[in-house]
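Let's have the full structure, built from the sequences with the hints guiding it.
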Amino acid sequence: MIKFITADDVLPLRNEVLREGKLTLNQCRFPNDDAEGAFHLGYYVDEELACIASFHPQNYTGYEGKAYQLRGMATAAAHRGKGIGNRLVNFAITYLRGQKVNYMWCNARKVAVAFYMGTGFEVISPVFDVPGIGPHYVMYVKIQ
Numbered sequence: 001m002i003k004f005i006t007a008d009d010v011l012p013l014r015n016e017v018l019r020e021g022k023l024t025l026n027q028c029r030f031p032n033d034d035a036e037g038a039f040h041l042g043y044y045v046d047e048e049l050a051c052i053a054s055f056h057p058q059n060y061t062g063y064e065g066k067a068y069q070l071r072g073m074a075t076a077a078a079h080r081g082k083g084i085g086n087r088l089v090n091f092a093i094t095y096l097r098g099q100k101v102n103y104m105w106c107n108a109r110k111v112a113v114a115f116y117m118g119t120g121f122e123v124i125s126p127v128f129d130v131p132g133i134g135p136h137y138v139m140y141v142k143i144q
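Just so we're aligned: 129 in the UniProt record's numbering is position 129 of the sequence shown, and the numbers increase by one with no gaps anywhere.
There may be inaccurate statements among the hints.
[To be verified] Taking lysine to any residue pairs in the SDA-like style, the calculated list, with each CA pair at most 25 Å apart, reads:
hint	residue 1	residue 2
1	22	142
2	110	56
3	3	83
4	3	38
5	110	129
6	142	67
7	66	32
8	82	13
9	3	16
10	82	18
11	3	119
12	66	38
13	3	90
14	22	42
15	110	87
16	22	75
17	66	97
18	3	78
19	110	138
20	110	19
21	100	57
Rather than coming from a laboratory, the hints here were simulated on the basis of the structure. Being a predicted model, the structure only gives us computed values, none of them experimental.
What follows is the structure, given as structure tokens:
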């Protein structure tokens, strides 16, 4: 089941998956987690939070229209490869379409590019390095 959740709800899984459990929960906060219009989604399997993603209003340079950035997407190891992340992203796209958002973009880890392409995103940048995390690409999906 997909639910709207709080920024605090995403922090444990964000730390576990994206920061290998090396940070405090507070260090896993993003500056825009509580920005006006920001929201967080969680996919629950029974009562367990299995997948998360955060979204906030943010245009990407050179692209016109209303935009959201997807950040901090993470799926618990036991739940990967089951389509949960795909369902979560598709839910977000449907929701954002209803909010009259034109596109969504993200900084995707190189290892996640195939996943995002499977949900309709395309690569729009050369590879770049995020210090301490690794190679990324900017990816984009048109919503309307």
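Each hint, compared with the structure:
{"no.": "1", "hint": "22 - 142", "verdict": "35 Å, violated"}
{"no.": "2", "hint": "110 - 56", "verdict": "22 Å, holds"}
{"no.": "3", "hint": "3 - 83", "verdict": "16 Å, holds"}
{"no.": "4", "hint": "3 - 38", "verdict": "14 Å, holds"}
{"no.": "5", "hint": "110 - 129", "verdict": "10 Å, holds"}
{"no.": "6", "hint": "142 - 67", "verdict": "9 Å, holds"}
{"no.": "7", "hint": "66 - 32", "verdict": "16 Å, holds"}
{"no.": "8", "hint": "82 - 13", "verdict": "17 Å, holds"}
{"no.": "9", "hint": "3 - 16", "verdict": "20 Å, holds"}
{"no.": "10", "hint": "82 - 18", "verdict": "19 Å, holds"}
{"no.": "11", "hint": "3 - 119", "verdict": "19 Å, holds"}
{"no.": "12", "hint": "66 - 38", "verdict": "13 Å, holds"}
{"no.": "13", "hint": "3 - 90", "verdict": "13 Å, holds"}
{"no.": "14", "hint": "22 - 42", "verdict": "22 Å, holds"}
{"no.": "15", "hint": "110 - 87", "verdict": "21 Å, holds"}
{"no.": "16", "hint": "22 - 75", "verdict": "17 Å, holds"}
{"no.": "17", "hint": "66 - 97", "verdict": "10 Å, holds"}
{"no.": "18", "hint": "3 - 78", "verdict": "19 Å, holds"}
{"no.": "19", "hint": "110 - 138", "verdict": "10 Å, holds"}
{"no.": "20", "hint": "110 - 19", "verdict": "16 Å, holds"}
{"no.": "21", "hint": "100 - 57", "verdict": "12 Å, holds"}
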